[in-house]
Amino acid sequence: MDSSTNETLPNNVENKSVRILPLVLKNVSYEKAGMRLIKDLSVTFNFGSLTVILGPNGAGKSLLLRLCHGLIKPSKGTVDWCGPKVSVPQRYQAMVFQRPVMLRRSVIANLSHSLKYRGINKAGRTQKIDNILQHTGLSRLAKVPARLLSVGEQQRLAVARAWSLDPEVLFMDEPTAALDPAATHSLENIIGAIKKSGTKIIMSTHDLGQAKRLADEVLFLYRGRLLEQADAGQFFEKPNNDLAQSFMRGELLWWNRQELKPPEQLKERRQK
Amino acid sequence: MEIGDAFAAAMALIINFESGLAEIVLLSLQVSIIAVAIACLIGLPIGAALAVFRFPGRTAIAVILNAMMGLPPVVVGLIVYLTLSRSGPLGTLGLLYTPTAMIIAQICLVTPIIAALTRQTTEDLWQEYAEHLHSIGIGPWRAVTTLLWDNRFSLITTILAGFGRASAEVGAVMIVGGNIDHVTRVMTTSIALETSKGDLALALGLGIILLALALSVNAAAFIINDAAMKRHG
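Note that the protein sequences, when read in sequence, are chains A and B.
Per this note's numbering: the first sequence = residues -11 to 260.
Per this note's numbering: the second sequence = residues 2 to 234.
It is possible that some hints are incorrect.
The calculated SDA-like cross-link candidates involving lysine to any residue, where the alpha carbons are at most 20 angstroms apart (straight line), are [stated by the list, open to error]: (1) A:K131 to B:A229; (2) A:K61 to B:E132; (3) A:K61 to B:I139; (4) A:K104 to B:G140; (5) A:K104 to B:W150; (6) B:K231 to A:K104; (7) A:K104 to B:I139; (8) B:K231 to A:V139.
Source of the hints: derived by calculation from the structure; they are not laboratory data.
If you're wondering where the values come from, they're calculated on a predicted model, not measured in any experiment.
If we strip away everything but chain A, and leave its shape as in the complex, we get (with noise of 0.2 angstroms):
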């Protein structure tokens, strides 16, 4: 990396070598009450690109990051880091929810919260802090109760917080699917000079455009199974699986294959 594009990015970037990738997911299920939600996954996250998991509601695309960062356990299969540093690996990651958490404290205090359990020594904090404040536009907001900021800023806030801990991966789940078309936008332009300072995103959509404008790689969900992982040239132009091509086309997709066709024609074809 060379020193102009070092000053542009906010984190220490220098030292952006693999540390946990790749990750390997193994025959993962995850059952909750009976009902298995994540079937028999298997993928390897590498270092580089950016993935999105792309699939309708409850194709079981928030448990699939949830399962990869940790916060819950697989029923069966394993969820493993790879890399040199794996004996620590939520060191080097972050997520992102679809619904910010905020701290009940200022913009600044939300972001020094994570530094300082990160180990992070208050110069440290401070210079770490004002250079991420620059990076996401909200300077001007440092001072304010992140709870009264709006639901934009506050995903901003989010991201901005995750990106701070300097994450090896950072985890989205649908970091846009509350905001309007402007701070989509904007968060899409951080989200790129995430990926630029050389973290590895692995986020969630159901929002087709987003998926184009931003992956490299895309996993098609579809009730808790992988059906297709591809490169995001090759899934957008023709994708392999038949339920990602309808998906592509905005079909809605129906619970079963044979019931792909709305609800009316397949009265018609019982009542035949």
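Using the hints provided, position chain B relative to the given structure of chain A.
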């Protein structure tokens, strides 16, 4: 004495803040404030830890704490009395009939209230924060301190509720303090005594002060909460 005359006499006592009255009021405040402060040191971490930690018997402890919020003061007084009396386990300390004994009794009364209310409000906040705090890798004890700090405004209400309980109860301090003049006489015990003696003016005067205290404590809780909501959302 007519009630009207008693009332006028009471007002005169308050306005002059005559020394006997002042002594009683100050001792009451001293005992209750120290008791509540110590109860906070015990009850706040216990309440927040109950909200965060998951262990067998957690629900049982929460139920018992909730039940202990309504402990009858005379029973607490009796137990503390037995503990501190000459033949009791702590009899050698010679604490019975001292303000310290009254503080101990009030700590027993207030700690469950503070712990139980803290657990309730902290649990709601924990629901909201849990994933984020797990995500940044904070251990449970640091989660407890984060939650206590972020919950500080509703905890003020909790603490004031504890203070209200401590300053208003009469049974416990009567038994362990003995209502000794100039030593352990507080507002509630004096009211009980003066009423039975027929000195309605002093009783009424102290009663008015006690009411005013309760009112201002609650007003303060309301104002602090309101301001916090406006400032912090």
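Do the hints match the structure? See the list:
1. A:K131 to B:A229: 15 angstroms, holds
2. A:K61 to B:E132: 14 angstroms, holds
3. A:K61 to B:I139: 18 angstroms, holds
4. A:K104 to B:G140: 13 angstroms, holds
5. A:K104 to B:W150: 15 angstroms, holds
6. B:K231 to A:K104: Measuring from Cα to Cα gives roughly 27 angstroms; hence the hint is violated.
7. A:K104 to B:I139: Holds. K104 of chain A to I139 of chain B sits at ~10 angstroms (cutoff 20 angstroms).
8. B:K231 to A:V139: 17 angstroms, holds
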